[in-house]
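Student: Listed below, chain by chain, are the residues.
There are 4 protein chains.
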Amino acid sequence: MKAKDIDLNAVVASIGKEEPAPRKRPFKARCAKTTRQNILKAAREVFSRKGYEGARIEKISKAAKSYDSLIYYYFGSKEKLFVEVLEGAYRDIFEAGQNLPLDENDPEAALRQIIEFPFRYYMAHPEVIVLLGTENLHAGKHISKSSTADQYALPMLTILQSVIDKGIKKGVFRKDVDCEQLYMAITSLGYFYVSNRHTFSAFMNRDLLHPERIEAWAHYISTLLLDSVRKHKTTT
Amino acid sequence: MKAKDIDLNAVVASIGKEEPAPRKRPFKARCAKTTRQNILKAAREVFSRKGYEGARIEKISKAAKSYDSLIYYYFGSKEKLFVEVLEGAYRDIFEAGQNLPLDENDPEAALRQIIEFPFRYYMAHPEVIVLLGTENLHAGKHISKSSTADQYALPMLTILQSVIDKGIKKGVFRKDVDCEQLYMAITSLGYFYVSNRHTFSAFMNRDLLHPERIEAWAHYISTLLLDSVRKHKTTT
Amino acid sequence: MKAKDIDLNAVVASIGKEEPAPRKRPFKARCAKTTRQNILKAAREVFSRKGYEGARIEKISKAAKSYDSLIYYYFGSKEKLFVEVLEGAYRDIFEAGQNLPLDENDPEAALRQIIEFPFRYYMAHPEVIVLLGTENLHAGKHISKSSTADQYALPMLTILQSVIDKGIKKGVFRKDVDCEQLYMAITSLGYFYVSNRHTFSAFMNRDLLHPERIEAWAHYISTLLLDSVRKHKTTT
Amino acid sequence: MKAKDIDLNAVVASIGKEEPAPRKRPFKARCAKTTRQNILKAAREVFSRKGYEGARIEKISKAAKSYDSLIYYYFGSKEKLFVEVLEGAYRDIFEAGQNLPLDENDPEAALRQIIEFPFRYYMAHPEVIVLLGTENLHAGKHISKSSTADQYALPMLTILQSVIDKGIKKGVFRKDVDCEQLYMAITSLGYFYVSNRHTFSAFMNRDLLHPERIEAWAHYISTLLLDSVRKHKTTT
DNA sequence: AATGAATGAGCGTTCATTCAT
DNA sequence: GATGAATGAACGCTCATTCAT
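Chains as they are written, first to last, in the numbering used here: chain A, 1 to 236; chain B, 237 to 472; chain C, 473 to 708; chain D, 709 to 944.
Just so you know, the hints here were simulated from the structure itself, not pulled from any lab data. There may be inaccurate statements among the hints.
Coverage of chain C stretches by chain D, computed from C-beta distances (three or more under 8 Å per stretch; other residues unrestricted) [to be verified]: (1) 661-667; (2) 671-685; (3) 693-700.
As the structure is a prediction and not an experimental result, all values here were calculated from the model. Built from N, CA and C at the ideal position, the CB exists for glycine as well.
Construct the entire structure; sequences and hints are all you get.
Tutor: Next comes the structure, spelled out in structure tokens:
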């Protein structure tokens, strides 16, 4: 794909520079990058707060101190803007997951961290919930188009697998752990608490956002899953 | 009047059929209850498919073979209609939960059923996911107004507790089970699989809707949670 | 029409019961008069408060503790209902004018009363202003259809003329008084103060509804017009 | 491009005419000021013809050869548009009043002009009547919000006062003239004739719009009020 | 690239009115 | 005659999007 090569070259050429050189075909001139990013940032906030349908182009452009028409100039449509926001959110969470500082010599401690990570991440970035929720409402039509989607989860799975392997080698973890199921359980237990905090708070008549309750949940789910991969049951 | 006789005959002839005889003016319920329910049913479908903001009053009224204005006649506003739909969905799921046929003498089997229930229910009624998702997007502003919200979950918790108690009495369950945490884990593991099936399918490059995978998940989560309350680890 | 005959029989059978027998031409049964008048009264109030376009059929029917459809049953349309309200208002004001207790022997006092009457009447019944205003907004399309319109003002003009004549005979009034112009001036000076009380209060920065100001205006306009027909100027 | 040349010719040919040359895309102002004024002008016309409630946004936007949405773009709401129309009307009438060419040396002639002015103005601009009528129907809720309302009438009152003062100095006017009452009488007698021309024509069975009758009224009211401030009664 | 006016479809809602029992 | 459900046009307003400078 020609166009892509050019893009790539341009990107490579710009390494080390603050701002890439402008070109005839408006390959984004000087301030463009800033404007684009302002819009993207504003869009992420507005989409997260209101959902796709509830978000207003005007709100986004004003939040970015820019103009409606620039959104179309840079992104083409509301939907395409949303896709970029979505992909940014994906990238962020998976990157954060890969950068977890894990104790190489203590698989149990490392696994506990891995388990708690999604919960703590969603807790800190509840906006992502809305973006993912919107995407699922629309049957994942954007993510399914993306050819790189399955590359996001892979690294995390690899890390999880390597921690499990270390535990097995050390004789503390069972040999038959299904990493994919485990990964999914980890995500479920972290995601749901945040995504349904409002309805569940009402149903259970409990404030799920109370710090102690949050810590209790983090401990509960990590113990639950840790136990499930341990060779021997912890005495409690 | 001839026409009327014919109509009458047609009506008599059509007893037991879905659609009554056509008339010049399209047959209308002329019955508040029927019309209300038609609208409610149509609304549930449309809200579930499109979300609150994406749902169009016109779509709902047409799906109900009714009129926009009747929605306002019966429900007052789009939001109030949504609230009724939402409460109907709550009632349905909690009612279904209470009617689970549980083996009184086998707490482990009973608990497995309880654990799998939300997952299977959401799998069968994925529309509820959208309704709950919308509600959480709007920070639960409707459910928090409802005075009866916390009465929905209570019965389910009671049932869960009684099953746990029986298991404890039989000596198969641990004494320190936290039913609320357990209930939340049950719901999380059932809900997330369905709610995020589209994005997760893409991330994991797996078809989460494949029957075998569904069964595997049901088995995985029930075993996981069952194990977590068992006194002794199952040998594997 | 067969069906109707059957209905009729049923009705005939019920004679002597709570519900009176209907007639072929519905010559309004017992309660009809009350309902009609309730509606009329409610309509006058609502039309007066909101204007024609601002008035809602539903508001009227509810204020009359009746039903929208009964308005159509009794009056045919919103417009026809308005016309009846309008004509009632005309009748009222002209009747009140004719029943003024005038001192037969004191033309000056009598004239002063006549002059002040419209002002005081509109002050007491500002709703009439709105009805007349609406009618004029619509270029008097209802009143112009009414064949009896010119019979409303006539009696008042006659009374005015007779008072003037008495004053002329007594030698206190000028002989060249134009009763029509005078009548129009009387009405103008009484009507405007009430009709434009809100805007004029704002323009003049005065509260036109203050009792003293009202009395001052009544005195001012009566003196003004009385003087204009007097043979000799009053010393002031 | 041929078409364009032709267009140009057409434009040149049409100089001085109402409509500029047509183009493929209908010629649009693309100038906020022009569009705003077009809308304002159209709104004034439609509001005047139909009243506030009777006026339709669509009618206004079409009359302005514009779009509904531009009304909201420029004015925010129907009500705010109405307020601007209203204030424009106020400004116009009070400006016209201030620009009356009055004979400085003939207070009586000057006063006669002042008296006749509102009548003649309303006669020429009956739309203002509807605007003021609407405002009064709504209890002056717009004008009362305007902080500048009382500055409209003030100049006119000042002019009136100065003319009266000159007359007093010349010895032709009485010293105890109440300018506010007089101003109100002037306005009443001018306004009512126009505002109630339709109903009064019907009541009196006279055509109030007949030129002679109009002149007669102008003469009648100016004589009436002039006489009321004169020191000595005119001989008739 | 930035600025802001123009475009037009469509949305939630209201309302006068009619129909059926 | 009373009751209330049904009908359908239209209204004020919003929004994503495009165009012109």
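Student: Among the hints numbered above, which are violated by the structure, and what are their numbers in rising order?
Tutor: Per hint list: zero violations.
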